[in-house]
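Trainee: Same order as they appear, the protein sequences are chains E and C. 0 is the number of the first residue of the first sequence in numbering that gives the first Met the number 0; add one for each residue after it. 0 is the number of the first residue of the second sequence in numbering that gives the first Met the number 0; add one for each residue after it.
Treat the hints with care, since some could be wrong.
Note: identical chains are not told apart, hence a pair may lie in one copy or across any two.
Stated by the list, open to error - Each computed DSSO-like pair below joins lysine-lysine, with the alpha-carbon atoms no more than 30 angstroms apart:
(1) Lys-113 <-> Lys-251
(2) Lys-251 <-> Lys-302
(3) Lys-302 <-> Lys-236
(4) Lys-302 <-> Lys-240
(5) Lys-113 <-> Lys-414
(6) Lys-251 <-> Lys-213
(7) Lys-302 <-> Lys-270
(8) Lys-270 <-> Lys-482
(9) Lys-240 <-> Lys-535
(10) Lys-270 <-> Lys-213
(11) Lys-270 <-> Lys-340
(12) Lys-113 <-> Lys-240
Treat the hints as calculated values from the structure; they're not laboratory data.
Here is what each chain is made of, one letter per residue.
Protein chains: 2
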Amino acid sequence: MGSIGIVSPQAMHFAEPLRLQSGAAIGDYTLMYETYGTLNADKSNAVLICHALNASHHVAGHYADQPKSAGWWDNMVGPGKPVDTDRFFVIGVNNLGSCFGSTGPMHTNPATGKPYGATFPVVTVEDWVAAQALLADRLGIECFAAVMGGSLGGMQALAWSIMFPERLRHCIVIASTPKLSAQNIAFNDVARQAILTDPDYRGGDFYEHGVVPKNGLKVARMVGHITYLSNDDMAEKFGRKLRNAAERNDYKFDFGIDFEIESYLRYQGDKFSEYFDANTYLLITKALDYFDPAREHGGNLAKALENTQAQYLVASFSTDWRFSPERSREIVEALLANRRKVTYAEIDAPHGHDAFLLEDVRYMNIVRAYFQRIAADLTLRSDLAFIAHWVGDGAHVLDVGCGDGAMLRYLEQAKRCTGYGVEIADDKVLESTQRGISVIQHDMEQGLGLFADDAFDVVLCLSSLQMMQHVEARLRDIVRVGKEAIVSFPNFAYWPHRAALLKGRMPVSRTLPYQWFDTPNLRYATIYDFKDLAEKCGLEVLEYVALAEGKPVSFLPNLRGSLAVFRLRKRDLVSKA
Amino acid sequence: MGSIGIVSPQAMHFAEPLRLQSGAAIGDYTLMYETYGTLNADKSNAVLICHALNASHHVAGHYADQPKSAGWWDNMVGPGKPVDTDRFFVIGVNNLGSCFGSTGPMHTNPATGKPYGATFPVVTVEDWVAAQALLADRLGIECFAAVMGGSLGGMQALAWSIMFPERLRHCIVIASTPKLSAQNIAFNDVARQAILTDPDYRGGDFYEHGVVPKNGLKVARMVGHITYLSNDDMAEKFGRKLRNAAERNDYKFDFGIDFEIESYLRYQGDKFSEYFDANTYLLITKALDYFDPAREHGGNLAKALENTQAQYLVASFSTDWRFSPERSREIVEALLANRRKVTYAEIDAPHGHDAFLLEDVRYMNIVRAYFQRIAADLTLRSDLAFIAHWVGDGAHVLDVGCGDGAMLRYLEQAKRCTGYGVEIADDKVLESTQRGISVIQHDMEQGLGLFADDAFDVVLCLSSLQMMQHVEARLRDIVRVGKEAIVSFPNFAYWPHRAALLKGRMPVSRTLPYQWFDTPNLRYATIYDFKDLAEKCGLEVLEYVALAEGKPVSFLPNLRGSLAVFRLRKRDLVSKA
Numbered sequence: 000m001g002s003i004g005i006v007s008p009q010a011m012h013f014a015e016p017l018r019l020q021s022g023a024a025i026g027d028y029t030l031m032y033e034t035y036g037t038l039n040a041d042k043s044n045a046v047l048i049c050h051a052l053n054a055s056h057h058v059a060g061h062y063a064d065q066p067k068s069a070g071w072w073d074n075m076v077g078p079g080k081p082v083d084t085d086r087f088f089v090i091g092v093n094n095l096g097s098c099f100g101s102t103g104p105m106h107t108n109p110a111t112g113k114p115y116g117a118t119f120p121v122v123t124v125e126d127w128v129a130a131q132a133l134l135a136d137r138l139g140i141e142c143f144a145a146v147m148g149g150s151l152g153g154m155q156a157l158a159w160s161i162m163f164p165e166r167l168r169h170c171i172v173i174a175s176t177p178k179l180s181a182q183n184i185a186f187n188d189v190a191r192q193a194i195l196t197d198p199d200y201r202g203g204d205f206y207e208h209g210v211v212p213k214n215g216l217k218v219a220r221m222v223g224h225i226t227y228l229s230n231d232d233m234a235e236k237f238g239r240k241l242r243n244a245a246e247r248n249d250y251k252f253d254f255g256i257d258f259e260i261e262s263y264l265r266y267q268g269d270k271f272s273e274y275f276d277a278n279t280y281l282l283i284t285k286a287l288d289y290f291d292p293a294r295e296h297g298g299n300l301a302k303a304l305e306n307t308q309a310q311y312l313v314a315s316f317s318t319d320w321r322f323s324p325e326r327s328r329e330i331v332e333a334l335l336a337n338r339r340k341v342t343y344a345e346i347d348a349p350h351g352h353d354a355f356l357l358e359d360v361r362y363m364n365i366v367r368a369y370f371q372r373i374a375a376d377l378t379l380r381s382d383l384a385f386i387a388h389w390v391g392d393g394a395h396v397l398d399v400g401c402g403d404g405a406m407l408r409y410l411e412q413a414k415r416c417t418g419y420g421v422e423i424a425d426d427k428v429l430e431s432t433q434r435g436i437s438v439i440q441h442d443m444e445q446g447l448g449l450f451a452d453d454a455f456d457v458v459l460c461l462s463s464l465q466m467m468q469h470v471e472a473r474l475r476d477i478v479r480v481g482k483e484a485i486v487s488f489p490n491f492a493y494w495p496h497r498a499a500l501l502k503g504r505m506p507v508s509r510t511l512p513y514q515w516f517d518t519p520n521l522r523y524a525t526i527y528d529f530k531d532l533a534e535k536c537g538l539e540v541l542e543y544v545a546l547a548e549g550k551p552v553s554f555l556p557n558l559r560g561s562l563a564v565f566r567l568r569k570r571d572l573v574s575k576a
Numbered sequence: 000m001g002s003i004g005i006v007s008p009q010a011m012h013f014a015e016p017l018r019l020q021s022g023a024a025i026g027d028y029t030l031m032y033e034t035y036g037t038l039n040a041d042k043s044n045a046v047l048i049c050h051a052l053n054a055s056h057h058v059a060g061h062y063a064d065q066p067k068s069a070g071w072w073d074n075m076v077g078p079g080k081p082v083d084t085d086r087f088f089v090i091g092v093n094n095l096g097s098c099f100g101s102t103g104p105m106h107t108n109p110a111t112g113k114p115y116g117a118t119f120p121v122v123t124v125e126d127w128v129a130a131q132a133l134l135a136d137r138l139g140i141e142c143f144a145a146v147m148g149g150s151l152g153g154m155q156a157l158a159w160s161i162m163f164p165e166r167l168r169h170c171i172v173i174a175s176t177p178k179l180s181a182q183n184i185a186f187n188d189v190a191r192q193a194i195l196t197d198p199d200y201r202g203g204d205f206y207e208h209g210v211v212p213k214n215g216l217k218v219a220r221m222v223g224h225i226t227y228l229s230n231d232d233m234a235e236k237f238g239r240k241l242r243n244a245a246e247r248n249d250y251k252f253d254f255g256i257d258f259e260i261e262s263y264l265r266y267q268g269d270k271f272s273e274y275f276d277a278n279t280y281l282l283i284t285k286a287l288d289y290f291d292p293a294r295e296h297g298g299n300l301a302k303a304l305e306n307t308q309a310q311y312l313v314a315s316f317s318t319d320w321r322f323s324p325e326r327s328r329e330i331v332e333a334l335l336a337n338r339r340k341v342t343y344a345e346i347d348a349p350h351g352h353d354a355f356l357l358e359d360v361r362y363m364n365i366v367r368a369y370f371q372r373i374a375a376d377l378t379l380r381s382d383l384a385f386i387a388h389w390v391g392d393g394a395h396v397l398d399v400g401c402g403d404g405a406m407l408r409y410l411e412q413a414k415r416c417t418g419y420g421v422e423i424a425d426d427k428v429l430e431s432t433q434r435g436i437s438v439i440q441h442d443m444e445q446g447l448g449l450f451a452d453d454a455f456d457v458v459l460c461l462s463s464l465q466m467m468q469h470v471e472a473r474l475r476d477i478v479r480v481g482k483e484a485i486v487s488f489p490n491f492a493y494w495p496h497r498a499a500l501l502k503g504r505m506p507v508s509r510t511l512p513y514q515w516f517d518t519p520n521l522r523y524a525t526i527y528d529f530k531d532l533a534e535k536c537g538l539e540v541l542e543y544v545a546l547a548e549g550k551p552v553s554f555l556p557n558l559r560g561s562l563a564v565f566r567l568r569k570r571d572l573v574s575k576a
């Protein structure tokens, strides 16, 4: 587990103006971004990381000339880290209006030739997401494996799942909220007032005057910083310790610094005021205030999330009083109301809101486990993709034992296929329906009598034939209704199964996950067994392959492949061809 | 239950410099104060109310020319109110360094002829209490019935009980804390930084420049105000309501006011900045930060409270996150460790820290009940005072059945008497010892053989003779050891007792609080019965009186007096005289 190492920011320029929620537009803008890891062939392993108030596109790694310039989520993103750059292609992007490279108030407004200053249009979370989507287009990413963020970044992830439901498979919302509370807004407004009333702010046009509203920014940051820490954590770290307590354990009786907490906060404020832009601070607090996806739905968050398709990971921290666990539970409740797949972790950590940026074993483990699940989904998807490459564009397909409908949905989306799924299990029928495919609830053991001869271009029977009692009869059914068939089953000769048998046990593995007494798999076949049976039923084996973790195995396939897949065609069709 | 009506502030000038905790001194200063109600004859009904951050001596009532100028605790203090000005003499005092009349930064420093400004010495809670004690001296109040305050005012009450243990009988600490947390200090420092960095602050010498650091004060007040309200209360009152929502239910996409909470807070900030002094704000936040009575005792609050003598009422509010109930419990724990009498109320109220200023039935009822108890103590004290006026200055006294020692202590303090108490009950012996009187644990039923003839000027036997089995023998004992005796007992002819007997029940009332089956009172006597017995034992009745609620009853005493008190002298002494 190490750092991603040296990274470099990249710039993407957009000439086409972006229409903003306010009605204003911003033209001729640039987004700064960084990427880590490698985009896979089907561009399915991309993860977008959205940043919070004072962060940027620099998520992980460090810059060549600055060994101390670690990215803001370097503990989360990297090789072997929870968001594992060995498996995922991670993108960090700097939002519009920021002061870290993407077009913002300090940049020149091409219309006036002067810095935007306070005339930079007010941008919203939705505006940022819209811009991020344009960047994804440019990078050729149609659908993210996950969009992820903490705090304000979590809001962006949530907005992604609402605005572009089909463009992310997982949405990870950490230490966030579906909208700011009055108290949250109040703290933001204190910060804004501190900046706006600093005479050096000069109505936002301070750049040309060579001044910066440092005092206002400092106060803004101090008050913000208090809300990031927990009361207990502050008490433990600072308590009432006096600064330079060793020197002189007494009060100073002036308005300088007595306590360590004062020293710490003023230092944080000073540091912040030296690198952060005042106009950006105003913009970002406003984006926070405005975020409220339920607003257009009469305050009904469940309704706002109605069209989402992603699966969710929501996490909160027990001592976070800025966006408390209660606020995350609002999101979870709305997702449950929509029967979305959602995992919720409420992590007992002492560090308040800032916890989302810090090391915490339970927190890191949850994110790691969730991303391992996403990676497993990716493997599944590569199986789907592999099988799909045998299906012709626009084919009419019957998917026998369609399960949750993922394959058919994939074919519909990726290959403009049409067709039906056949499934017996109630929960799978429901899932397939939710996925939007046409599913016929039917026991395949009763045959496929309801379909006409040669009704389909391709019949799929993936990992379900082994559950049939009369394999030969079913195979003949498939031959009747389809011109081609793709059949897969767990390869019983897969070597871990053999190893188990050598130990005197029935095999249990990922593709054969059942014990002997509860297995729904009634028949077992090796690749060679099946080849014989297929030919006996009038099917020509066009190709066959053994897949291990979604990738074809060419060396000793009958030993190493855990899943066997056959591409078959009716013999008469073969002879005609 | 009404307002105290029209009130007037008064000024008390002090020429003698006050030495401050910082080592500095402030000379030639004035304290503004107000009083409500009437000080009783023995000056035992005075209540001092200490104010918090932005309040003053104007606690209750209103000024003649300003009908809307109600005092800051007008709901708490007034005729028939929890702190009932029909029974108590209430004093509000403005603290040093304030901007409401007492000497503060805006006043002229006699040494320079210019306003103090930032050179006004930093004052502490203890400095304020010291000054308040000097005011009490001037008003002739040796001991307050209660010192009371909320928030910073509660700190002053707590400091009173530590600094002047004998000068208050009750200490009422509401919504307070034994010391600020790091988070509390952090918020204060944000406020200070906002003021100190406002260019109009001009190092504190803004008075002569005709400017006021309004922006800094405004931000300071806004951040302070957030901490006074509860998150829930803010959510309920303001939520995400837009300002002028009726007009146009949309965001404005600028840095003006979108939400009602912004409008409210900015208004509060502006209003505050128009009447409050910036230097005072700095001083008061510093006094808050510095308060920490446990500091001199290695952080041990119990030790800091070791020498206290007061009884305590501590109250906190469930939604107060500035000084949470946990902080009040720290005080309660330290008091319990010292076995102090303490009542603690944790009030479930939605209004955060501000709750201590607001109407809440449970809160008001607790304070009311506690003050009724104080009033009952006052009645007891007036009994003591009445009886004490029969005891000569410097008399040597035996108090038979001395109970908690209150009477003997009173005689020692008010009349420089000496002597002993006799008491059988373990808990009473302990209490008497804690009160500092000399107590002999002894069963009076065994006689007073351990005391010589005529050893005492006066023997007291107050409300205990009726518990003796051999009343005559005990009365003869008293005659032997003392020259005079004062004997009291519940008057069995007291009319509520008679009324109860008429109804066929044994009497139960305040002076005869037991049921017939558990009463320790073995003998009952009417005033006439006792007079006969006393004379039989060689005692001349010099005076007798029936007391009702501590006041003598002259009309039909045997019917209306609940307590009968006899002043007796040995017959031979009478005849010699």
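Trainee: Indicate which option fits the pair Lys-251, Lys-302 if close means a Cα-Cα distance not exceeding 30 angstroms: within, between, both or neither.
Mentor: Between copies only: 25 angstroms across chains, 57 angstroms inside a chain, cut-off 30 angstroms.
Trainee: Cα distance capped at 30 angstroms. Does Lys-240 pair with Lys-535 within a copy, between copies, both, or neither?
Mentor: Neither: 85 angstroms inside a copy, 74 angstroms across copies.
Trainee: Regarding Lys-113 and Lys-414, is the shortest C-alpha distance of 30 angstroms or less found within a copy, between copies, in both, or in neither?
Mentor: For Lys-113 and Lys-414, the Cα distance exceeds 30 angstroms both inside one copy (50 angstroms) and across copies (87 angstroms).
Trainee: When no copy is named, should Lys-113 and Lys-240 be tagged within, between, both, or neither for a Cα gap of at most 30 angstroms?
Mentor: neither (48 angstroms within a copy, 36 angstroms between copies)
Trainee: Evaluate Lys-270 and Lys-482 at a C-alpha cut-off of 30 angstroms and name the case that applies: within, between, both or neither.
Mentor: neither (70 angstroms within a copy, 83 angstroms between copies)
Trainee: State whether the alpha carbon distance between Lys-251 and Lys-213 is at most 30 angstroms within one copy, between copies, both, or neither.
Mentor: So Lys-251 and Lys-213 pass the 30 angstroms test inside a copy (26 angstroms) and across (27 angstroms) alike.
Trainee: One pair to classify: Lys-113 and Lys-251, alpha carbons no more than 30 angstroms apart. Within, between, both, or neither?
Mentor: Answer is between: at 24 angstroms across copies they meet the 30 angstroms cutoff, but 47 angstroms inside does not.
Trainee: Under a CA distance limit of 30 angstroms, which applies to Lys-302 and Lys-240: within one copy, between copies, both, or neither?
Mentor: For Lys-302 and Lys-240, only the inter-copy Cα distance (20 angstroms) is at most 30 angstroms; the intra-copy one is 50 angstroms.
Trainee: Between the shortest in-copy and the shortest cross-copy C-alpha distance, which are at most 30 angstroms for Lys-302 and Lys-270: within, between, both, or neither?
Mentor: Answer is neither; intra-copy 43 angstroms and inter-copy 41 angstroms both fail.
Trainee: State whether the alpha carbon distance between Lys-270 and Lys-340 is at most 30 angstroms within one copy, between copies, both, or neither.
Mentor: neither (42 angstroms within a copy, 50 angstroms between copies)
Trainee: Quick one: Lys-302 to Lys-236, C-alpha cut-off 30 angstroms, is that within a copy, between copies, both, or neither?
Mentor: Cα proximity of Lys-302 and Lys-236: across copies only (25 angstroms, versus 43 angstroms in one copy).
Trainee: How would you label the pair Lys-270, Lys-213 (within, between, both, or neither) given a Cα cut-off of 30 angstroms?
Mentor: The answer is both: 10 angstroms in one copy and 26 angstroms across copies each meet 30 angstroms.
The structure fails hints 5, 7, 8, 9, 11, 12 (numbered hints given earlier, in ascending order).
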